[in-house]
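J.: Work out the full structure: start from the sequences and follow the hints.
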Amino acid sequence: MHPIVRRFSRFMTRHIDGILLSAILLLMFAGLVVLLSAANGNFSRAWGQLANMLVALGVMWLFANIPPHYLMRLALPLFVIGCGLLVGVALFGEVVNGARRWLHIGVTRIQPSELMKIALPLMLAWYFNRNEASLKLRNYLVAALLLAFPAALIVRQPDLGTALLITASGCYVIFLAGLPWRVIIALGVAGLGSLPFLWSVLHDYQRQRILTLLDPTEDPLGSGYHTIQSTIAVGSGGVLGKGWMNGTQAHLDFIPERTTDFIFAVYAEEFGLLGNGILLVLFLFVIARAMVITANAPSLFARLLAGAITLTFFTYAFVNMGMVSGILPVVGVPLPLISYGGTSLVSICIGFGILMSINTHKKLVQT
Amino acid sequence: MSELSINPGIEIRDSERELDRFRRRLAILGIFVLALFSLLFLRFLYLQVIRHSHYSTLAEANRISILPIAPHRGIIVDRNGVMLAHNYSAYTLEITPSKVPNLEATIDDLATVVEIAPRDRRRFRKLLEESKRFESLPIRTRLSDEEIARFAVHRYRFPGVEAKARLFRQYPQGEMFSHVVGHIGRINQREVEQLEADGRLANYRGSDYLGKTGLEQSYEKFLHGTTGVEEVEVDSGGRAVRTLSRNAPVSGNNLVLNLDARLQEIAYNAFGDRRGALVAIDPATGGVLAFVSKPGFDPNLFVDGIDPQSWAELNGSPDKPLLNRAGAGTYPPGSTFKPFMALAALFYGKRTPQQAISDPGYFNFGSHRFRDDKVGGHGMVDMYKSIVVSCDTYYYVLANDLGIDPIARFMALFGLGSRTGIDIPGEATGVLPSTEWKARRFSRPEQKKWYAGETISVGIGQGYNNYTPLQLASAMATLANDGLMFRPHIVNYIEDIRTGNRQPIEPTPLRNIGVKQEHIDVIKQALVGVNKEGTGARAFAGAPYVSAGKTGTAQVVAIKQGEKYVESRVAEQHRDHALFIAYAPAENPRIAVAVVAENSGFGARAAAPIARQVLDYYLLGKIPDQPAKDD
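Residue numbers (the working numbering), protein chains in the order written: chain U, 10 to 376; chain V, 112 to 742.
The set of hints was computed from the structure by calculation and includes no laboratory data. Predicted model only: the values in this text are computed from it and were never measured. Note that beta-carbon positions come from the ideal geometry of N, C-alpha and C, so glycine has one too. Treat the hints loosely; a few may be bogus.
Negatives, chain V to chain U, calculated, CB over 12 angstroms [to be verified]:
| id | residue |
| --- | --- |
| 1 | V211 |
| 2 | P406 |
| 3 | I608 |
On the chain V side, residues computed to face chain U include the following (Cβ under 10 angstroms) [unchecked claim]:
| id | residue |
| --- | --- |
| 4 | I139 |
| 5 | V144 |
| 6 | R154 |
| 7 | N173 |
| 8 | G339 |
| 9 | E342 |
| 10 | D346 |
T.: Shown next as structure tokens:
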């Protein structure tokens, strides 16, 4: 091999985790295959998604090459900006579909809650890392407040799904940072006790979604329609599935949002239990590898951040498949690496980039 | 980092402990991940293995839809194959109200793409009130190809609006046949219930229309056909994607009528501006050759639901175009009753043909004087003359001699005062007066009693007498056929177009009324005399065939004692009705006809010329160049 090629190859792969990358590529490939079917064999969507994937992989490479301590410096400013934008949304946001989620900045509009998905775990990891030597109950309380502030703003938009995911990622960090068990148990008991109160503050449509989950047949053409049709798709797939491009639920347009949030219904219908098992194994493999990286991360900051990324990825996958198969309420969560859409793909890959960076920069830190 | 240099040992130990704790917590989360993924897998197992057949069935039910295919409705043609009702294919624009959030806005929007007249909107609103929300209702019918193309371009803007190819019923002869052929219309809720009760509803899945009047109603069973079934794969919007199986519909049977469309047209036009009715029957079969009620209406208006304004115009018109005068209009027969009275006299042996009376121009009954039309009377009048000159006095006396109940019994033999049983609905009974009828008809005791004086005016076809033109034509046909009576029927045969099988309607006679031929011959001779030298002579002057006829004039309002009826002084709608009954040729009758021209005065003057035109065409093929003029 020519030395320049060798040096370039080393430059490209130095901070890439091959194991993680191959699993990611397999999932992406599966995503393209299903997408082609979900789009009724129309290649334009698949080409678009392929382009999204290339961009996301590029971004992943970029983040893999950023040493974790640079990210640490970004934590506070990102969080402050994120919170500022959320306040801006609450005050001047644009209402789309009855929810105030978007903010116009000059030429484009942004959804600050997306930024918060990265900024919050970063901030909490930074905060715990800063106070690593003397973690007291007070620190957990501060962390909880740091979590509650943006989460509350997002709940008010209202965007319950994103708020829950962000809260989950924050909770993972706090849990991993060593929140004492007695506090966890106390909180658990208090949480159960306050369920009736939570119910009372939910919006009507949010309550409807939860009620729909309990009995989707109550409103089969309204809010229960998504769940009923996607459950039928999954169930009718059977053990081996109806075969690629042969899903009747998908191709006759019974599955709503079938290239994005409900793409798993198409997958399950066409590839059956066997396909679902393979998909779960692939996801588990990615999570397992990410956990190994997390466990071996060199600093508290890196460990907490890697843990949050890993478990957020898991949460997305679980919530999405749970919603499609009818055990969780319908929330707007894409299936990571599979659903069509550039934004979620890029943000997932940023996470994997950070994981790879954490994994490959520790030797440099140690030396 | 400075602390680290002071006491590195403790820090490292602490750090190790921290790391252990972190890893324990991470392991707990790993178990959490495994547990939740296992839960998911169990859920998949449940859905895809245990409940698989259930969800498969649901998916199939989603996918497959059973669609009815409406059969082609049978066509209706006259005896020569002239089309009276047929189908043509055209596009309609239909809205399913349940799928459209704002109907008015959608219709306004649609109006920018295809023309929607206020009339269409009114009709749509009416349909909307009568139907269910999930039925698709036409907002526009008969769209041009260009309009369809324009709608196709804008289709995406109109969920719940569809362009559909439909078979339409059309009545090319329009108002001339409105009361015979009738029309179809959209099935309403009451009819749905009726169909369900009859067990016929399943065959009407996919049919929006049903025969509402005329032959379309009475022969509905034959015309409709059998609905086919198509199993199609549908998408979530209910649109058919492909056909899985198909069971073709069976077209309805065709009706071939006894009616002669040209004869009908000539008869209709012969009335000119007058209102009235004409029924022509083939005496040898009972086949109805012409069945005219004038004015008629355009039955095509009713096919897709008539708009309220057109309906109000038709329903409110003083000319009553919606009334089927021929079958449901009842009129006093006037002097056309006399030949039947004379036959009754012979039948009961109350008169001989030669027996004559002296007519002073009136008949006194108690304190009441019944006047003859001719002041001073007709002199000596025998039976022949009584019919030819239409002498009232002869029949005043005769009626008094016969009595009301024998008259009623005899007239019932000819079918007067009862429904003929013709094969279209809505026939009126009319009134054949008798003591029993009067007792039934009235409620107060003094009204229930029959007064002998009332019999007198019955003798000349006035009083309570009230018959339909159809009954008069049928009675005349029976007389022409020497007492052998057929049920009048408009349809000649029902034709199955697949097998070519023809099912004839009523080919056998109902009954022979049982009057001696010699008595019938006396009356027939007198009826020929009417058209040769009597009240019908002017109308039939120069006819190359021998015809038999009888004029009649029916009072619309009673004239007071001592007053004379002067036509010009009476409001148009109170003027006398002109009647004429006839058959021809006299020796071998091929056509019998009854004509009523409303408020037109003397039967000889207004009604006989109409009958002349009809007979001339039917027997000679002569086509008149203008409506029949008053003689």
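J.: Evaluate each hint against the coordinates.
T.: How the hints compare with the structure:
Non-interface status of V211 of chain V relative to chain U is upheld: no Cβ of that chain comes within 12 angstroms, the nearest being about 15 angstroms off. Against the 12 angstroms criterion, P406 of chain V stays outside the reach of chain U, whose nearest CB is about 51 angstroms from its own CB. Every Cβ of chain U is farther than 12 angstroms from the Cβ of I608 of chain V; the closest lies at roughly 38 angstroms, confirming the non-interface assignment. Checking I139 of chain V against chain U: minimum C-beta separation of about 8 angstroms stays under 10 angstroms; hint holds.
Interface hint status for V144 of chain V: upheld, as the beta-carbon distance to the closest one in chain U is roughly 5 angstroms, under 10 angstroms. Because the beta carbon of R154 of chain V sits about 5 angstroms from the nearest beta carbon in chain U, less than 10 angstroms, this interface hint is met. Taking 10 angstroms as the C-beta cut-off, the interface hint given for N173 of chain V holds, the closest approach to chain U being about 6 angstroms. The beta carbon of G339 of chain V comes no nearer than 23 angstroms to any beta carbon in chain U, farther than 10 angstroms, and the hint placing it at the interface is violated.
Interface restraint check: E342 of chain V against chain U, minimum CB-CB distance 14 angstroms, threshold 10 angstroms, status violated. Taken as an interface hint, D346 of chain V checks out: its beta carbon lies about 4 angstroms from the nearest beta carbon of chain U, inside 10 angstroms.
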